[in-house]
Amino acid sequence: MTHTFDILIIGGGAVGCAVARELSRYDVSIALLEKEADVAAGASGRNSAVVHAGFNNKPGSLMAKLCVEGNHGFEAACRELDVPYRKTGKLLVAFDQADLDTLARLKAQGEENGCQGLRLLSREELRARLPQVGGIGAFESPETAVFDPFQYTVALAENAQKNGVQFFLNTKVTAIERTAKGFRVTAGDQVFTARRVVNCAGLHSAEVAALAGLNRYHIYPCRGEYFILDKTDVLPMPIYPAPKAGIGGLGVHLTPTIHGNLIIGPSAEYIEDPADTASTQVVMDKLWAEAQQLLPGLNGRQIIGSYAGIRPKQAPPGEGGFRDFVIREEVSCPGLVNLIGIESPGLTASLPIGRMVAGILSLSMDMTEKKDFDPTRKGILRFRDQSPEEQARLIAEDPDYGEVVCRCQTVTKAEIRQAIENPLGARTISAIKYRAWATTGRCSGGYCLPKIAEILTEEYGMAPEAISHRGDGSHLFTGRVKA
Amino acid sequence: MKHYDVVIIGGGPGGLAAAKGAKENGAKSVLVLERDTKVGGILNQCIHDGFGLIRYGSMLTGPEYALRAEKEAAEVGAEVLTGAMVTGLTADRVVTAMTRQGLLQAKAGAVVLATGCRERTRGAIAIPGTRPAGIYTAGAAQNLMNTKNLMVGKRVVILGSGDIGLIMARRLTLEGATVLAVIEARNQPSGLERNVNQCLYDFSIPLHLGHTITDIQGRKRLEVVTMSRLDENNRPIPGTETVIPCDTLLLSVGLIPENEIAVQAGAELDPVTNGTVTDEHLQTSVPGIFACGNSRKVLDLADFVSLQGITAGRNAAAFVRGLALEKMPEETSNAMAKGLPQPGAITCIRCPKGCRVTVSPDGTTKGNACPKGEEYALQEQKAPSRVLTTTLLAPNGTLIPVKTSRPIPKDQVTVWAKKLKPIPAPAGPIRPGQILLRDPFGMKVDILATGKH
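Protein chains in written order, with my numbering: chain A, 1 to 483; chain B, 1 to 453.
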């Protein structure tokens, strides 16, 4: 079957979905192809969930410009898209004189980049602010925020869909041919033709570029491992160590999440396999040791999980650090817009990246703004956050609001149903998890997973074998016990 | 706001017994709040037998024990509300619960916390590796298999030798899965000896003591786990790795008291176990709020939970009436036999004590604490037999827990389980004790329902 669009976006991470959302402002037909069973399946769902301020990036770089722009617009975007967001600020902590020098340099760099309100704190000021944190001085960035990157990506996708973008999940691009009118893109037994292709394939962006005949890019996967701790109010804001030269990340930090948990991580380790999101004993031990330096007195019994994400780095091992984002239409392949090496701060920069792609495309095609573009999207109403009066009203309206499915996070059956019936049609346990936030608590789904499985089989008629964690091959059940 | 003398949070064995105790000690109004659609708690998924030996002197399955506890609470006139998830408790004992009918608030003269426990997870013990599908806590797998009719996997490794893990090793085997290994870090199994005997040894399931899992690999579904031997400091010994291809990993690595509600009321918790701290009267640090069972301290047997529940309920009523509080029953849980069955000895399974009985050539027995031990050992030597517990599928899709009307030869257990697998339960209402299949295999053994439907 052949589908025809003006623009094809390859990749449904935060960047692909932000590009889709920004392009959906214009009167063009758009499809987004995602190889996994849901959006946010790669690095977009495996990170520190921080909206960066932009002081870490080299002045004049795309990273710096787009990050600062993204930060300044993030709160408004989250309001439009109904995404949980909290401006917490963040502290970078120094442990020696070299660290203090680094912090002073970062402050100057941040100010050059356009960050607001940056401030150095003395040891005494740090103690007064956060007596529980170690260190001899600190640097405060008041514009840093925390948010929910899953819901953000889902929200961008749903908003893009609402404005006409078609989403094709479980659709892995296997060939790209140039034609007289543009491109012919094959994904398994499906064929798409399009005038323009936007490569937002993240870790696989170099491979996708190569499918189109451009072999100049190389992505080095660099893994970051994390621990997740149970809900705690031990920290009001993210705490980072002063960055050390040469590492490919920002250093192991402690981040309170928008959901009340604490994240420890990430490590930075170059690996061969871009899909290897394993945690390792060596790194787990290291993370814990470094976290305890930042916050002495962390309790290991608070750990409820671990995860890892893979950075799509352009800087090879040995070079380390960051190379700037590549965002350009290829001269040697007109109509192909490549987005290469969109690592941190890619989430923060995602909407400005989307606008930049729109700008690039408008140079060579007619991009007329739609009159009926709707920038808003409503997420699933969180029962637990409502007032008792509102909760009573909701239950009276729909008794499913009175039935708690996930006990750790107090997620009701009504919310689970809305997550199952999500507009993108992603129907995996992960899709439900990220939308309703069920299974994410201290029991890791021990209580709610059987209930969700029962709802899927009994009320949505799914075969047990069709229930999967993250799509094909990740089935939870081998069938019925008794048929 | 409605007022009750005693509100009990949780309708498992502890909460139901507390209702009985409270009523019997003079509480006028008692309300049990249960979040599930029926009372009984985890007992409903524990279709195996071994419950009630201490309280009732007979070997009951979990659903049978739950029905007795439910009946006892009903007989004394306790009000039971199912589908009610308690979301709030204040120190002055205002209870908030969510139900499909709306938010419920009640003011209690005294409260009993009977909120049970949850399972320690893979995340909590931080096993390295990937996070594929196919990793379950043993209790979640038990719930899925015994109440949701969902089969969790085919080639299974079990980490930890807690009782639920041992019970699930047998359950999976009876439903056609292959249990490749049970792996325990300590040099002793942590579950009861009778369960090691009946659930592992009966089916020749390998038990690896002093080992743990050091890696989990699988991109989508679990593919392999790596088992390593541990040194005396509990560190994996390099070079001892064994790779076990499998599609499922069950974790039976400990239970954690569940006390989110207790925390809301300001009750003190033990920082190590997460259990509520109580005095000898089972009263928490908040006056008028009592705790019992696994929410206080994880116990080996439901019988002990019930016994504690009765005292907690009695004391809740006494608190309301201004009477003297009673002391809690002795903590007897450590008296239960744990360890490895000994060569040459027969571990009696007639009660949880698990006496190791030896039989002399002349037929006299040694090591048994009571005549039941002699009877069991002689029978076990001559013709070992077991009660088979499993499920039958009712025409409407519900699983009915069942058992054989008497023990069957040990070597027939797997055969019968396989033969029973495709046989449905009869249509219509089912009461516990009802004969569902009359002598299906010509051995004068019936298949009895152990739950109602």
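Don't read these hints as lab results, they were simulated from the structure.
Just so we're clear, the structure is a prediction, and the values are computed from it rather than from any experiment.
Hints may contain errors.
As a list, the in silico BS3-like pairs of lysine-lysine whose alpha-carbon atoms are at most 25 Å apart [unchecked claim]:
{"no.": "1", "chain 1": "B", "residue 1": "Lys154", "chain 2": "B", "residue 2": "Lys366"}
{"no.": "2", "chain 1": "B", "residue 1": "Lys71", "chain 2": "B", "residue 2": "Lys154"}
{"no.": "3", "chain 1": "B", "residue 1": "Lys220", "chain 2": "A", "residue 2": "Lys172"}
{"no.": "4", "chain 1": "B", "residue 1": "Lys297", "chain 2": "A", "residue 2": "Lys231"}
{"no.": "5", "chain 1": "B", "residue 1": "Lys421", "chain 2": "B", "residue 2": "Lys410"}
Numbers of unmet hints, in rising order: Going through the list in order, the structure violates hints 1 and 2 and respects the others.
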